[in-house]
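**Student:** What follows is each chain in one-letter form.
Number of protein chains: 4
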Amino acid sequence: MINKLSFVSDYMEGAHPQILKRLTETNMVKSSGYGLDEYSESAKEKIRNACSVPEADIFFLAGGTQANAVMIDALLRPYQGVISARTGHINVHEAGAIEAGGHKVLALPHQDGKITADSIQSCIDDYWRDDNHEHMVMPGMVYISHPTEYGSLYSLDELSRISRTCRKNNIPLYLDGARLAYALACPENDVSLPDIGRLCDAFYIGGTKCGALFGEAVVIPRHDYIPHLFTIIKQHGALLAKGRIAAIQFDTLFTDNLYTEIGKNAIETAGRIRAALTDRGYKLTLQSPTNQIFITFKKEVAESLSEKIEMGFIENIDSDHTVMRIATSWATQKEDVDALINIL
Amino acid sequence: MINKLSFVSDYMEGAHPQILKRLTETNMVKSSGYGLDEYSESAKEKIRNACSVPEADIFFLAGGTQANAVMIDALLRPYQGVISARTGHINVHEAGAIEAGGHKVLALPHQDGKITADSIQSCIDDYWRDDNHEHMVMPGMVYISHPTEYGSLYSLDELSRISRTCRKNNIPLYLDGARLAYALACPENDVSLPDIGRLCDAFYIGGTKCGALFGEAVVIPRHDYIPHLFTIIKQHGALLAKGRIAAIQFDTLFTDNLYTEIGKNAIETAGRIRAALTDRGYKLTLQSPTNQIFITFKKEVAESLSEKIEMGFIENIDSDHTVMRIATSWATQKEDVDALINIL
Amino acid sequence: MINKLSFVSDYMEGAHPQILKRLTETNMVKSSGYGLDEYSESAKEKIRNACSVPEADIFFLAGGTQANAVMIDALLRPYQGVISARTGHINVHEAGAIEAGGHKVLALPHQDGKITADSIQSCIDDYWRDDNHEHMVMPGMVYISHPTEYGSLYSLDELSRISRTCRKNNIPLYLDGARLAYALACPENDVSLPDIGRLCDAFYIGGTKCGALFGEAVVIPRHDYIPHLFTIIKQHGALLAKGRIAAIQFDTLFTDNLYTEIGKNAIETAGRIRAALTDRGYKLTLQSPTNQIFITFKKEVAESLSEKIEMGFIENIDSDHTVMRIATSWATQKEDVDALINIL
Amino acid sequence: MINKLSFVSDYMEGAHPQILKRLTETNMVKSSGYGLDEYSESAKEKIRNACSVPEADIFFLAGGTQANAVMIDALLRPYQGVISARTGHINVHEAGAIEAGGHKVLALPHQDGKITADSIQSCIDDYWRDDNHEHMVMPGMVYISHPTEYGSLYSLDELSRISRTCRKNNIPLYLDGARLAYALACPENDVSLPDIGRLCDAFYIGGTKCGALFGEAVVIPRHDYIPHLFTIIKQHGALLAKGRIAAIQFDTLFTDNLYTEIGKNAIETAGRIRAALTDRGYKLTLQSPTNQIFITFKKEVAESLSEKIEMGFIENIDSDHTVMRIATSWATQKEDVDALINIL
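Residue numbers (this note's numbering), protein chains in the order written: chain A, 2 to 345; chain B, 2 to 345; chain C, 2 to 345; chain D, 2 to 345.
A few of these clues could be false.
To be verified - From the structure, some residues in chain D lie toward chain A, with a derived Cβ separation under 10 angstroms:
1. P79
2. E95
3. M137
4. P195
5. F231
6. I310
What the hints assert, rightly or not - The calculated DSSO-like cross-link candidates involving lysine-lysine, where the alpha carbons are at most 27 angstroms apart (straight line), are:
7. D/K284 - C/K22
8. A/K22 - B/K300
9. C/K309 - C/K299
Unchecked claim - From chain C, some residues computed to sit far from chain B (all C-beta separations above 10 angstroms):
10. Q19
11. M29
12. E42
13. G82
14. E95
15. E100
16. H104
17. T117
18. R130
19. M137
20. A242
21. T256
22. R275
23. K309
24. N317
25. A340
It is worth saying that the hints were derived from the structure and are not from the lab. Note that CB positions come from ideal geometry on N, CA and C, so glycine has one too.
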């Protein structure tokens, strides 16, 4: 329906064709509701294997803000807050969903969207050392995303140090994997699904932006780490009646390594675009290796390009310069990339 | 995956085949996210026409508890509660989602799942007449469902009187249409979509139980009656990134009257089962004309039947008797009904 | 400021004179804020002794609704509700404070304001036996008051059975003692402070209605049973900066048995009024032995009496009859009782 | 009870003696509960006169965090947040009370604890200009305190500009006056009570830190600007049963200009201490003219002084330096100041 070249986001198409095929094949089979069906069991088992978390509790939710709000509510006690990068999705783009659940986001400075083990430890130390800390919000968990909002990646070393810091301080580490497939497909990435399963206390594997019609798989490696999570999900209005619809999608994504393959097209096309931008002298706002490219344009250049190319608007940094985002995805077409590069 | 005859619920299959066909056909078309796409516009326009609400604001959400929680939060002020039948879904089977949003459910006695204009007026009068009403929860809206939890139907006269009562008292009327297609397909029903559009201040048209993979269409007849509802939805984690996926389903359901046709199979098969039960001397718990049949069994009969037929368990009414539910749907097969009747 | 005889409530005067004396004597002594002062320590120690709860955590809050809301929030997990009599203060007269904290009140039928161990057990059993209980609100604690809203008293046997039921089911028992002094002063009462300390998991000793300017003493017999309760209190806006002001009042009330003495005047004067009412053929709505008398009047009688006596309005039971409440207190004057009886 | 010289806070004593005298004189007079008494009417009328807000709604609450939480909940819609200095009490020292009410604190950079009309306008502009603002928290009101957390004062010009900015953007301005008496007593202050009444949409006049046993007077200049605020207060557990106890205190504070006089001793003694500190070469952390003095000490100096003087700990700014606070109050004794200066 969109006529211009569009690189606005990574959720502009439907689903990987294999997913629609499976949905169609299984359509008239009867199954139980609320995730108590065999498709859900199968998908969970495949995810447990892929992440090396044989005991994990797994739930399929509809979207990322929902997954974050449910899990943060489930992991925190009412007097606790969640540590996040100031740029974290939960701090900026979830319309206050975390606060609506009663929790403060304890926002830390970031580097390219990332926070560090040291800054987390400082935040915790500052709290406990303060004479008045009982009048303050206790840091109760850590939220990170991989890739981050800015498309950057945690190294395995960075993630390991954050995990150690969390465990030393006895607070859970939660990872938002809305675009996890694009991290996994990235040559620069050295964090595997089993690493995440080992280092995090909860995380979600993104479907919506990674080839599904919708859906995120929430994984809690330790069984019953969060008692009554089923009811917590229901209370948040997040329980899918036909759980199988999400499950069949994840079952497909975790068959024949589709989830680790599906991001490759996005990374390759983003690489070509990045190279073309650099060649032509455009200024990348920051170095990020995944499927999002942030470019600082002169305003008139941004306006001129916008007539032919739909990009995402990020911010005006001054009266002359604008940051825009180009996003590729599993569905990005070679011809569109050629056309884009041509226009640039 | 289920081998026994199964009449447990009306959401055991995928979607009407036409829906999967449309999802497949449109799969690789690019569109904007968050409901700002042409499929959403088309579906909304068809619903506006079907309900004769040309100015209506419409949003597509994922499920019924979510729709109820979002809309009740959006319609009430913090010091207000929602009037509902004691048996209402929001009062019993939403895990406290309404209270989690800060609101009390003001539960009224019911008849076959229905409440009356008079009982609503009494509840409101009791509040305002009480010297201490400022210490109490103010009735702020009315929640009903059509069909009700017990499969019963409001007559147009009953609904009109409830609507008049709400408007006289200046509180909104909200209708939960999780199974609305089964009401519309029912010969006993005299409430049309335009009636609902005219008499209610907000309602949702159920998709999940009426032939969609998932999804409910929230309709607010008066434009901008609820300011910033988009953000309220986002804050509840209820905004679908690929809004089109739900929209395409509703666009299909509202093409060629599919939504008003889709329930007929359920009503016809339920009618056959009801007749067979009555013939064979089984006791219907209550008279309901839609796709849910409630039967009071002797316990040993219920147990014996359960070996061959999956039914829904409702409650033990004493040590000898059990209430069970048989649900039909758009997808119920003639052969399964034959087999069921045979077993009975 | 009120010229008519007034028996509207038991909080119409200031404080027991001994309390004002202590506040005046200690006024210019410096002390730490937030309950970390020696007056607070002294008052807590006296309450621990009076209740035989040597390890108890104790906090002084400003009012009853606040104490209930804070403690129910502190004792429940988000997916749990609180069992209460339908007539319980939390269910009727707290403006939805419990729901505002996210919790459903699971209202049980009552007898003269009381619930029973059996009805509590049934409520819990109904939940766990329901196939769909994960879609419902889990009973997470029990709320009772002593005396109840209707002035009735739990016997030690009744309270013991409720306590056993709670412990068997592993859910806490919380007792609202807004008018506890009037129970303790009542000859019919066989529940002592140490009984309450032994049988309840949390309770509050009422000050506001029992001789203090304001204040309720929340007692949690087991130390650290509720971690970080200080912060939970602060988060609810319930932490008194000058904690000593409440503490000095409780220190006075628990010196020389003042708290167990202070209610006697109320019980004696209520007894005289009750006898006079019965003598003159008035109909007591229910038999309650404490400081609240509920009378069912013919409407014209109620209106005629209201010209000379201020009573509390409870409800119209039909077009001819009205229930009114006469409340006595520690401060009720003999002459006012004489005058009241005279008018009757 | 404290033997060292103590300058820890401005709420270490009871109340101005005149307040205790009035409480004692009126103790046995009967009055209605919940603020519906003549003392409350009298106090409100005096405050209306002092602030030139003849139509104002006024409520007496118990404490500052409570007042802030109630008013911010009452003024915001669920999807809105409150703009505040990053150092604002609501952002740092209220244990997440605002977030517990569902609202994000939109924290702005500060200068000596103050924010500016320009920074407020930028925050609002940033929101509305952002393409994705419907996914973000809408700025819904402005919170300031006078004096600020750092003891600094808004000039009338600054306050006027902030007020104009709020009105231009149609969002309310709320002022936290926990220490307002100390501003009013300060020669540098040019903001009067009528200025505040004219420029703010809601504010509270602090009692707890300004000579009362407890209590804050919430003032809303426009009548019925916040419908059903009584019930909102009750729902927050913030309604005082014996409203007169707070009212009598404010009635006393607003008789014979006591409230504008009561802070003078604090300002004078703070001035003497500030001069002595400067004389002896101590480093004031920032210039603030009210009753709080922030001093940057070498750590060993802070430790040595702490043996003789109790001060408030603010923060360690590096391994060698510590910021401490000295607070004076209406009750500070000349001899204690002499002794303090002597030790310095």
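**Student:** Please go over all the hints and tell whether each is borne out by the structure.
**Tutor:** Structure-based check of each hint:
At a threshold of 10 angstroms, the smallest CB-CB gap from D/P79 to chain A is about 7 angstroms, leaving the interface hint in force. The criterion of a C-beta within 10 angstroms of any C-beta in chain A is met by D/E95, whose closest approach is roughly 7 angstroms, and the hint holds. Contact between D/M137 and chain A, as hinted, is supported at the beta carbon level, the nearest pair being about 6 angstroms apart and thus within 10 angstroms. A hinted interface residue such as D/P195 counts as satisfied when its beta carbon comes closer than 10 angstroms to some beta carbon of chain A; here the least separation is about 33 angstroms, so the hint is violated.
The interface hint given for D/F231 is broken, as the beta carbon of that residue sits about 24 angstroms from the closest beta carbon of chain A, more than 10 angstroms. A cut of 10 angstroms between beta carbons decides the hint on D/I310: the least distance to chain A is about 16 angstroms, and the hint is violated. A hinted pair counts as satisfied when its Cα atoms are at most 27 angstroms apart, and D/K284 with C/K22 does not qualify at roughly 44 angstroms. Restraint check: the Cα-Cα separation between A/K22 and B/K300 comes to about 43 angstroms, which exceeds 27 angstroms; the hinted pair is violated.
A distance of roughly 16 angstroms separates the Cα atoms of C/K309 and C/K299; the hinted pair therefore holds under the 27 angstroms criterion. Every C-beta of chain B lies more than 10 angstroms from that of C/Q19, the closest at about 31 angstroms, which supports listing it as non-interface. At roughly 38 angstroms from the closest C-beta of chain B, the C-beta of C/M29 stays outside 10 angstroms, upholding its exclusion from the interface. With a closest Cβ-Cβ approach of about 35 angstroms to chain B, C/E42 is found to remain outside the 10 angstroms limit, as its non-interface label requires.
Separation of C/G82 from chain B is inadequate, the least Cβ-Cβ distance of about 6 angstroms not exceeding the 10 angstroms criterion. For C/E95, the condition that its CB be more than 10 angstroms from all CB atoms of chain B is violated, with the nearest at approximately 7 angstroms. A beta-carbon of chain B is positioned within 10 angstroms of the beta-carbon of C/E100; the least distance is around 4 angstroms. For C/H104, the non-interface assignment is contradicted: its Cβ lies about 6 angstroms from the closest Cβ of chain B, within the 10 angstroms cut-off.
Remark: the non-interface label on C/T117 is consistent with the geometry, its nearest Cβ contact in chain B lying 20 angstroms away (cut-off 10 angstroms). Not every CB of chain B is more than 10 angstroms from the CB of C/R130 (nearest about 8 angstroms), against its label as outside the interface. For C/M137, the condition that its CB be more than 10 angstroms from all CB atoms of chain B is violated, with the nearest at approximately 6 angstroms. Annotated as non-interface, C/A242 keeps its C-beta farther than 10 angstroms from every C-beta of chain B; the closest such distance is 26 angstroms.
Every CB of chain B is more than 10 angstroms from the CB of C/T256 (nearest about 33 angstroms), matching its label as outside the interface. Distance to chain B confirms C/R275 as a non-interface residue, since its nearest Cβ pair spans about 23 angstroms, more than 10 angstroms. The Cβ of C/K309 lies farther than 10 angstroms from every Cβ of chain B, with a closest approach of about 19 angstroms, so its non-interface assignment holds. For C/N317, the non-interface assignment is contradicted: its Cβ lies about 8 angstroms from the closest Cβ of chain B, within the 10 angstroms cut-off.
With a closest Cβ-Cβ approach of about 24 angstroms to chain B, C/A340 is found to remain outside the 10 angstroms limit, as its non-interface label requires.
The structure is inconsistent with the numbered hints 4, 5, 6, 7, 8, 13, 14, 15, 16, 18, 19 and 24, although it conforms to all the rest.
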